[in-house]
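A.B. asks: Chains as they are written, first to last, in our numbering: chain A, 73 to 347; chain B, 3 to 149; chain C, 64 to 168.
Don't read these hints as lab results, they were simulated from the structure.
Incorrect hints may have been included.
Distance condition first, Cα-Cα at most 20 Å in a straight line; then the derived DMTMM-like pairs of lysine to aspartate or glutamate [stated by the list, open to error]:
1) A:K78 - B:E108
2) A:K78 - B:E32
3) A:K337 - A:E267
4) B:K47 - C:E109
5) A:K78 - B:E35
Here are a few chain B residues that face chain C, going by a calculated C-beta distance under 10 Å [what the hints assert, rightly or not]:
6) T46
7) T52
8) V53
9) G56
10) R58
11) F84
12) R87
13) S89
14) S90
15) E92
16) I103
17) R105
18) L119
19) V122
20) T123
No experiment lies behind these values; they were computed from the predicted model shown.
Glycine included, C-beta positions come from ideal geometry on N, C-alpha and C.
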Amino acid sequence: MDYSPKLPEHNVNVSQGHPLAEFFPLLVATIVIFLVVVGLAGLLVDQAVTYIDPELESELFASSPAQYDFEVEASSERTAFLQGLADELRVCMEMPYPITLAIAASPQINALALPGGHVVGFSGLIDGMSWENGLAFVLAHELAHFKHRDHLRGMGRGLVLVAASAVISGSSSALTSMLTPAVSLGAASYSQSREAAADAAALEALHCKYGDVGGAEELFRTLEQVNDDGIWSEAHYFSSHPELGERILALQQLAEDRQFASGTKAPEPCHFCGN
Amino acid sequence: MIDLIIFLGLITTGYVVGQTLERRHYRAIEQREAALLALPTTSTKRSFGTVPPGTRSELVQGACCISVDYFKRIAASLRQLFGGRVSSYETLVDRARREAILRLKEGAGDAHQIINLRLVTSSITKGQRGQVGAIEVHAYATALYDH
Amino acid sequence: MFVTTTDDIPGRTITACHGVASGSTVRAKHAGRDIMAGLKNIVGGELKGYTELLNEAREEAYQRMLDQAVQMGANAVVNVRFSTSSVAAGASEIYVYGTAVTVEG
Chain A
73 MDYSPKLPEH NVNVSQGHPL AEFFPLLVAT IVIFLVVVGL AGLLVDQAVT
123 YIDPELESEL FASSPAQYDF EVEASSERTA FLQGLADELR VCMEMPYPIT
173 LAIAASPQIN ALALPGGHVV GFSGLIDGMS WENGLAFVLA HELAHFKHRD
223 HLRGMGRGLV LVAASAVISG SSSALTSMLT PAVSLGAASY SQSREAAADA
273 AALEALHCKY GDVGGAEELF RTLEQVNDDG IWSEAHYFSS HPELGERILA
323 LQQLAEDRQF ASGTKAPEPC HFCGN
Chain B
3 MIDLIIFLGL ITTGYVVGQT LERRHYRAIE QREAALLALP TTSTKRSFGT
53 VPPGTRSELV QGACCISVDY FKRIAASLRQ LFGGRVSSYE TLVDRARREA
103 ILRLKEGAGD AHQIINLRLV TSSITKGQRG QVGAIEVHAY ATALYDH
Chain C
64 MFVTTTDDIP GRTITACHGV ASGSTVRAKH AGRDIMAGLK NIVGGELKGY
114 TELLNEAREE AYQRMLDQAV QMGANAVVNV RFSTSSVAAG ASEIYVYGTA
164 VTVEG
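Chain A extracted, bound-state conformation:
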């Protein structure tokens, strides 16, 4: 037996295609499938929340207040005043089910709608307002989220995202970091549209209660000042809320379209507010 060696002419053990030619179609397909799945699941969530009426919701989330991760102010004239204000707005907004108001002892300028019929106003928000009308607008905005079932949508969509990214990150966590920007862009634009709808509903509630929509923008003007003071605000497209200036303009436009009176009456002073 002789030895007559020869090298193979080409390497049969590696694929000949360019690595990028395989990479990009796979990447695009992954992103598209992920977005379609998340989008469809989001629509399903939207359908599902219409079947959860407020009574069922308050049963499901009966234990919710115990899970606050902030301190709730003890009952006082202030909480009673806020509860009363919310109840009056509730009538205006045709919401026949009870909503519980709580004040969180926190300097944050914020308010939350939580599952189970809870609205939380942060003391930083209440202290920063001067007029009852302004505060009423913020409360009505949160009530509108309830009426629109936005808090449940948000929760459902959150669950869908967690599940979807768990499937993806089963193969690689780096993939998730690549898909997240695309998803958060979609989530932000969805959230912004829900915020705008809540703003509009709140404006109508304000018109119903006071017969005048003056003071609705008070919070946004306050926030604008805070932002101007140099607090860095994240890129608008990734933000969950529309830009403040846009929100003010949208409110003014809506008031004009619906011929709501603005500034014809002096706003009600707020005795429990900070200023």
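Following the hints, position chains B and C against chain A.
C.D. replies: For chains B and C alone, kept in the frame of chain A given last:
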């Protein structure tokens, strides 16, 4: 956003540097394979020609561990969602195997033939989620020497 | 093309040896199959999808080895060995190698 920028940076670096190193490695492999071509090598137990009495035989071995780059890792994890041939890992095992055999031959000194060549592969995982960090190939054989 | 797992081919003479020919491939199963296999893990039994995948992979690696042997000028491969290793969590690698030879008779 920061995550995405870091990710894009890693994947670009991984691709550019990884591809350059791979091309360089393949060039080296081909040159050395051509140089060592004349050394008879077989995976059978039979030796070439008649082996005179007094021939010395010895176990020779070579090993090589090749790491995956970031681009390949991502390309493979995309491929794992869809199934099919993972072409980004093919070059990895190919390089490791040829390099291990070359090291075995280079370590065999003035052997006149190499018989009963065997190869084993193992993957050295990073631990986390079983993702591959590198693969290792060990080649071993019997080398025959004249004295 | 003769392919054997023995050193010789019974009844024929090996006239020339051309070195070691090898074929390899890395294959992954798609995510859907992974999920089905996960479910199957509860009750046990054969993972048909995986068997099929590995068979396809082996077939491809085998074909690649034969291609390489032909390029080396061989008409047979003797002493063929298969080996399998898992390169990553969801992907497995098949390697097959043997000695490329020319036989007569």
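A.B. asks: Against each hint, give a clear statement of whether it holds in the structure.
C.D. replies: Outcome of the hint check:
no., hint, result
1, A:K78 - B:E108, "holds (18 Å)"
2, A:K78 - B:E32, "holds (12 Å)"
3, A:K337 - A:E267, "violated (27 Å)"
4, B:K47 - C:E109, "violated (36 Å)"
5, A:K78 - B:E35, "holds (10 Å)"
6, T46, "holds (4 Å)"
7, T52, "violated (15 Å)"
8, V53, "violated (15 Å)"
9, G56, "violated (24 Å)"
10, R58, "violated (21 Å)"
11, F84, "holds (5 Å)"
12, R87, "holds (6 Å)"
13, S89, "holds (8 Å)"
14, S90, "holds (8 Å)"
15, E92, "holds (5 Å)"
16, I103, "holds (7 Å)"
17, R105, "violated (15 Å)"
18, L119, "holds (6 Å)"
19, V122, "holds (7 Å)"
20, T123, "holds (4 Å)"
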